[in-house]
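Visitor: Input sequences plus hints: build the corresponding full structure.
Sequence lines, in order, name chains A and B.
For the first sequence, the numbering used here begins at 1385 and goes up steadily by one.
For the second sequence, the numbering used here begins at 324 and goes up steadily by one.
Simulated from the structure, these hints should not be mistaken for laboratory data.
Heads up, some of the hints might be wrong.
[What the hints assert, rightly or not] With a straight-line Cα cutoff of 20 Å, these simulated SDA-like cross-link-like pairs (lysine to any residue) come out:
| # | chain 1 | residue 1 | chain 2 | residue 2 |
| --- | --- | --- | --- | --- |
| 1 | B | K644 | A | H1509 |
| 2 | A | K1573 | B | T726 |
| 3 | B | K644 | B | K688 |
| 4 | B | K702 | A | A1542 |
| 5 | B | K702 | A | P1547 |
| 6 | A | K1560 | A | R1530 |
| 7 | B | K394 | B | L459 |
| 8 | B | K644 | A | D1505 |
| 9 | A | K1573 | B | V812 |
| 10 | B | K640 | A | L1506 |
| 11 | B | K661 | B | N649 |
| 12 | B | K640 | A | R1530 |
| 13 | B | K644 | A | L1506 |
| 14 | B | K702 | A | T1546 |
| 15 | B | K640 | A | E1498 |
| 16 | A | K1560 | A | T1617 |
| 17 | A | K1573 | B | R775 |
| 18 | B | K640 | B | A657 |
| 19 | B | K688 | A | D1472 |
| 20 | B | K702 | A | D1505 |
| 21 | A | K1573 | B | K661 |
| 22 | B | K702 | A | Q1471 |
| 23 | B | K702 | A | E1498 |
| 24 | B | K688 | A | P1547 |
| 25 | B | K688 | A | Q1471 |
| 26 | B | K688 | A | E1422 |
| 27 | B | K688 | A | A1542 |
| 28 | B | K702 | A | E1487 |
| 29 | B | K447 | B | L459 |
| 30 | B | K702 | B | R628 |
| 31 | B | K670 | B | Q560 |
| 32 | B | K702 | A | D1472 |
[Unchecked claim] For each label pair, taking beta carbons as the anchor points, the in silico distance ranges come out as:
| # | chain 1 | residue 1 | chain 2 | residue 2 | range |
| --- | --- | --- | --- | --- | --- |
| 33 | B | V793 | A | R1530 | 34 to 42 Å |
| 34 | A | R1461 | B | S821 | 47 to 55 Å |
| 35 | B | A574 | A | R1461 | 48 to 56 Å |
| 36 | B | S607 | A | I1619 | 50 to 58 Å |
| 37 | A | R1530 | B | E577 | 31 to 39 Å |
| 38 | A | R1622 | B | R672 | 34 to 42 Å |
| 39 | A | I1619 | B | L680 | 32 to 40 Å |
| 40 | B | A804 | A | R1526 | 16 to 24 Å |
Treat the numbers as computed from the prediction; the structure is a model and nothing was measured.
Cβ coordinates follow ideal geometry from the N, Cα and C atoms, glycine included.
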Amino acid sequence: MKSALLRAQVESALGPGFPSPFTFRENCMPEAVSSGLEEIDALTGGLPRGGLTEIVGLASSGRTGVALAILAAMTAREEVCAWVDAQDAFDPCSAQLAGADLERLLWTRCHNIEQTLQVADLLIHSGGFGMVVLDLSDVAPRIVRRVPLSFWFRFRRAVEHTPTVLVLLEQEPCVKTCASLVLGIRNSKLEWRNSKLKIGDWKLETPNSTYERGSEIVPPHSLLFCGTGADVTMIRSRSSQARVVHSSIRTRVAWL
Amino acid sequence: MYLCIYIPNFSVQAVARVDPMLRRRAVAIVDGTAPLLRVVALNDPARTAGIGLGMTAVQVTQLGSGTAAAKVEVRHRSPAQEAATHAVLLDCAYTVSPRLEDTAADTVLLDLVGLERAFGSPEKIAHTLTQQAFGLGLEVHIAVAPNPDAARHAARGFPGITLIAPGEEAERLGCLPVEVLVPPPEILETLHRWGVRTFRALAALPTGQLSERLGQEGVHLQALARGAALRPLVPAQAALRFEEVMELEYAVTELEPLSFILARLLNQLCARLAARSLATNELSLQLELENTGVPEPPTPNSKSRTLRLPVPMRDSKVFLKLLQLNLQADPPPAPILKVTITANPAKPRAVQGGLFLPLSPDPEKLELVLARIAGVVGKENVGWPELVDTHRPDAFRMQRFVTGVRGSGFGVRKARNSKLKIRNWKFETHQSKIQNPKSKIDGPRTPNPEPRVLMALRALRPPMPARVEVRRERPVRIFSACGVRGEVVLASGPWRTSGEWWTDRTWEHDEWDISVVSGRSSVVSCKKHQQAALYRIYRDRNGNWFVQGTYD
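Guide: Have a look at this one:
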């Protein structure tokens, strides 16, 4: 009796702002959307809607290619997406070649991280976007680390319970527990091809190989860069219980 | 019953309306290019003085030394005053009935059905309109008849007020000359040749034989002469103008109090639009400033404060916010004395909702967000990128982002395939061998899965200058301020691209794809692993090297 009375008093004191405060609610698994890449989907189960996904990697790791592939998949589902570009590095031609529908893409060309965060805040709070990409790839990690965690919590809170996928492209992970999914990409090999095919391995496994193979010098115009092989690591995920955290993808160039 | 208001000598009355002294004088209106100015309209005193249509202005002034001719006023025709006179005629007619037909510049037809209780008998209405028109400076002829055409001809033919009862049309109109019908010249000439000069004579002709000689037009003219032609009135719609004006007692200098004024005007404007089930897709704001007393002059940054909306809207709060953002970006240079807001009416958009529609932002909200983003990064840095149909690298233009409006795709470049063609030509004969380089040349082919992730290019805008050391015609070392520096491990090229040689914007690049060891360790792998970064560099026609972007 006393407990029931106490419960009624607490509920009335909290008012309509907190309906049923004593009701236990199970944490719902966020809805996952396909990234368009089988390797990523098999590894992560899809990108979480209403959550923050970090894709980290150094230059030429393939993270932008992965982000464009995700963008192509989202626009193919006729969802409107936004790309907040911190250093004005987005290439529309690459995006279209990746299959993205540019008419469904709102591109904001910023010039520093302050503008990027301000614009991202406006877009996330306006709602209605299937995916919002914050491209901080070319921003030095020391500058990104200076962004207070409260910003990222605020972003995560804004997209929670919405169908928006928030993707962050960086060189190093920095949002810590705010991210629902953190993917790391590293290029493991570079693929070059040569018209004068010789018996042996022309795939250069290490970056220190040179043109010279034996006594033969290969002219540079006979070499062609074909793509890379990249290792994808699921560094952290809230939804996936899998212990397998590694996968590999191959990237190709536009002229092949 | 129908009422017709007709202004005789329309051009003369248009001029005399603004100069009352001319009303009782002989006036001739001339038109044309000097020195060949001819009389196109004149009033009765001028006719009495011997002036005729088609006379030149010189002839008018030289027309004898008689007292009457000397008093003829010659004026130039004024289309602006004629338009204003026509507007006055319409205003006069609208005071009686909203159902009127704008037949001609000098003629208006009204439907009198249902007006007896409000305005009295048709005769009373005619007298009221005559007095109203006289008060506005016009002398009009008014006729009331059972059908519109009979009323029109009676007003054109008889001076003053004419009332024709039902059944009396043929009798009352019989004495009018056939010129009142305004027939085509060849038919008029034919009728004159036959000796048919009045409505009565035309009405008396046998219809069948008239039809054989003059066709259906002759039959129609006969019906008009008999007063038997029936047709519905074609009602004129008054042009909708949604404008709210507020003149301030004291000048407003700050934007915050101006916002209250804008909010009030916008609320009224939106309420008027809602009353007519309309929305607006264009909003104009005009501010009259204190010092000059003239409307705000256009400046390079804010030529006009016109908001062009992607879809018709009717939300006063959204309009207020957009205007506030516009004023914050480009504040007026002086205190404000008068505010005028004009809305261009449009049909509101009809949207079919659905449960399974793809996600998209609300257009009203999106417009607001885009205005805020434009305030942060600039209007030219937000939108969707449309590729330009050219081979020039990084060629695109920013277009306004609108949801739910698809472009035609015309002029959009599908893919930059020039490099594709050049490079593929070298390798097509060796495709099978390239697939599995570890095997022997003629060995079996192992199937390779097609990679679906495209290596994107992260562009540097503008391309960064670089110092490149070249040895044996290939780059071996690079140094650039953008962080691209080190030994070039592998280089592929040169790949020549050029274009627009027929213009002064010609360009010529020798592109290279290079691999440079970055010297940084990846945080992804627990092992230390030096990453090789891939860049696209090029050398222009002047021999200068630039870094175009990074492959990622």
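Visitor: Checking each numbered hint in turn, tell me which of them this model violates, lowest number first.
Guide: Checked against the structure, the hints that fail are numbers 2, 4, 5, 7, 12, 14, 15, 18, 19, 21, 25, 26 and 34, while the rest are satisfied.
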